[in-house]
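Engineer: Could you put the whole structure together from the sequences, leaning on the hints where they help?
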Amino acid sequence: MSSINCKSRREQGAALITSLILLLVLTVLGVSTMSTATMEMRMAANDQFLENAFQLAETGLDTELAQLNAGLISAPAATIAGNCQPTKSPQSIAELGGTFSNTLCYIGEGIAYNNSAGLFNNYYFQSDSQAVAQSRASSLQSRGMRIIGPAGL
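Mapping the sequence shown onto this note's numbering, position 21 (from 1) lands on 21, and the numbers just tick up by one.
There could be a bad hint or two in this list.
What the hints assert, rightly or not - Each computed DMTMM-like pair below joins lysine to aspartate or glutamate, with the alpha-carbon atoms no more than 25 Å apart:
hint, residue 1, residue 2
1, K88, E40
2, K88, E51
3, K88, D62
Unchecked claim - Quick list of simulated restraints, FRET-style, between CB atoms:
hint, residue 1, residue 2, range
4, A44, A15, 15 to 23 Å
5, V31, E95, 35 to 43 Å
6, S35, R146, 47 to 55 Å
7, Q134, A15, 51 to 59 Å
8, P90, G152, 18 to 26 Å
9, Q126, E40, 50 to 58 Å
10, L23, P90, 36 to 44 Å
11, L20, E51, 42 to 50 Å
12, S32, Q67, 47 to 55 Å
13, E58, V25, 44 to 52 Å
14, R136, G108, 29 to 37 Å
15, S135, V31, 19 to 27 Å
16, Q85, A44, 24 to 32 Å
The hints are simulated quantities; they were obtained by calculation from the structure and are not laboratory data. The model shown is predicted, which means the values in this text are computed figures rather than measured ones. Just so it is clear, CB atoms sit at the ideal spot from N, CA and C, and this is done for glycine as well.
Structural biologist: Here it is in structure tokens:
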């Protein structure tokens, strides 16, 4: 009987070492899982900020077009191609957490098709909207526009 007791005492030390190694492995696994989860949260937040910046820039383009159609702002003088003007100071939208600013540029003119005797021209403009959202996420969107008007403006 004494040999059985001696053998079990040696095994108790091996069980302790085995359980400590297993605990160490589980701790390392838990820490790496938390690190991965934190990184995924940051990536998701960055994607959301980029989407907000894109939506801000699109809102800027839509706002500028609506103001142009309503006559609240005027197009740049259709005299020199490349004539650009900021339409308003940067505007802030709290829901999207950022600001946007717009620029409207005269690009050039061309003949308006299907008109009588060339009395009308197409006047081409480019609208640019620069938006900056949280975490310095930014988006630059451009839209081309055509305004039909009398020839020789």
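Engineer: Any hints this thing doesn't respect? Which numbers, in order?
Structural biologist: 1, 4, 8, 9, 10 and 16
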